[in-house]
Amino acid sequence: MGQTIAEKILSAHCGQEVYAGELAVAKVDFVMGQDGTAPLAARAFAEMGGQCVFDPERVAFVIDHSAPAPGEGVANIHQYLRKFAREQGIHLYEVGEGVCHQVVPESGRVGPGSLVVGADSHTCTYGALNAFATGMGSTDVAAAMISGRTWFKVPETFKIVLKGRLPAGVSAKDLILHLVGRFTADGATYMAVEFAGEAAGELSVEGRLTVANMAVEMGAKAGIFLADDKTFAWLGRYTRRFYAPVCPDPGARYARVEECDVSSLTPQVACPHRVDNVRPLEEVAGTPVQQVFIGTCTNGRLEDLRAAAGILAGRRVHRDVRLVVAPASRRVYLEAMREGVIQALVESGAAVVTPGCGPCVGTHNGVPADGENVVSTANRNFKGRMGNSKAFIYLASPATAAASAVTGKITDPRYFTPR
Amino acid sequence: MLLRGTAHKFGDDVNTDYIISGKYKFKTLDLNELARHIMEDIDPGFYNRIKPGDFLVAGKNFGCGSSREQAPLVMARAGLSAVLAKSFARIFFRNAINIGLPAVECNTDLIDAGDALELDLAAGRLVNLTKELVLPFKPLPPAMLAILKDGGLAAHFQKHGGFALGGENP
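Protein sequences, first through last, are from chains H and R. Everything in the first sequence is counted per my numbering, starting at 1 for the first residue and increasing by one. Everything in the second sequence is counted per my numbering, starting at 1001 for the first residue and increasing by one.
A hint or two may mislead.
Partner residues aside, some chain H positions facing chain R, computed with beta carbon under 8 Å [as the list claims (entries may be wrong)]: (1) Ala-143; (2) Thr-189; (3) Gly-219; (4) Thr-417.
By construction, these hints were calculated from the structure, which means they are not laboratory data. The beta-carbon is built from N, C-alpha and C at its ideal position, and this holds for glycine as well.
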């Protein structure tokens, strides 16, 4: 019987052919935790009688969500993680190295066919590299750290066929916002999403990372792309490890198949306070904005910073706006620096903060005030997400964020000629 | 195990940021401290209205968003004995079972705030005592039932020295 990508990867990791609906206890290739979830994983590890991790090379912690520590509570939690990592001999990505979902792909340890679990819901990002990657809670991750295994109900697959070509000024972020709006916050619950079609192949790997990142905003367990030359060229920058691509079989069974022609797509915005409250930008154009944030595991990569700089270079951030930029990783930061992208952003008035999650989760780096509107390139706009339940968060692409920073209101980036 | 309590009602798509906000959860591992802030952004004062054993009753897609295990942990610490919803987001559902908080999928339209409920997981019986209704609910997958019966995943692991769920082909 034909298999989907998810069924193939899970089968390869549990030693038998499994199909949607079956139980699989599978070996994992990599396990990740971050500073909001790893402390509980470390605690559960001890409670479960864990002595040592199954393979120190395959487990990593990342200090990114609240880094550098904004207070003693966080500082002590970070210290606890460092101690655990030292004792276990696992790699710990320190303050300033970047967001977990950028540093893990950059490590070269995840690629086509990999099975990854992470104590972070956006672990599904790595599906852009043809991996099966999924977020779990701390206790599940602790179990994987001890045993090198986890259990899955093999998911059904929802195939989204992307047709046509994205118009100029419309990005991968606009595409995934459109899909989340169309299929809603639970439209893919428990399912793996396969992103197929020529428009999926046209996306850069960075664009695919943006799309896969937000698969969980439709409730998906994983969001997976095919591997192609772009995938291997991207991986080749970081590793010499060999990965074999995983393709779905011709007879694979899909729970649902939908098409989306991207050719007529326009810039999209997710309005407060739901990620699936997505509207074409024109419907909310002109909404005043007090803070703009460019960064995160969704949109803090080089391509994103370039898109922002393309609009901001030679222009000034509006006097009523604070622009905060958090590069996704130190590597991205350095590359953007060498290209002059960081210089252009800082000259325009941006405050560049430590590579990491920035103000996305409301712990530091730019909590909005009561009644303020924020345009953010992040993936969640829940009430209170950025630390103040009386603020309003609009999710958009880096280009839309940059254009809105210049004008002080939600603005279509296509009005700006890139410089 | 027979659970009895009063229903507190919430709507659809309650995310884990609402259950416990990021502005608190990064600062401390002290669940007693975190529990005080349960649902603060959408229902201030909820913590003070919970009586031990009460049920949280919600609409569809409960627990969507972040993977934070602090969400079911603060619910249990705040005194809630179970969560009933029309459907659950998958990470929350796993986390709830893993930490030993029963999560039950049923038609919650038949429950109003303040209704007295009785849940017998072993017998597969949920009763709305106020409305005198027996509410059918979706049985847990066998793997999850096995974990819940052991008292959560940590206890399951300690008892069996690893996963004991079947489906393994070493």
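Verification of the supplied hints:
no.	hint	result
1	Ala-143	6 Å, holds
2	Thr-189	6 Å, holds
3	Gly-219	6 Å, holds
4	Thr-417	38 Å, violated
Going down the numbered hints, you'll see the structure goes against just number 4.
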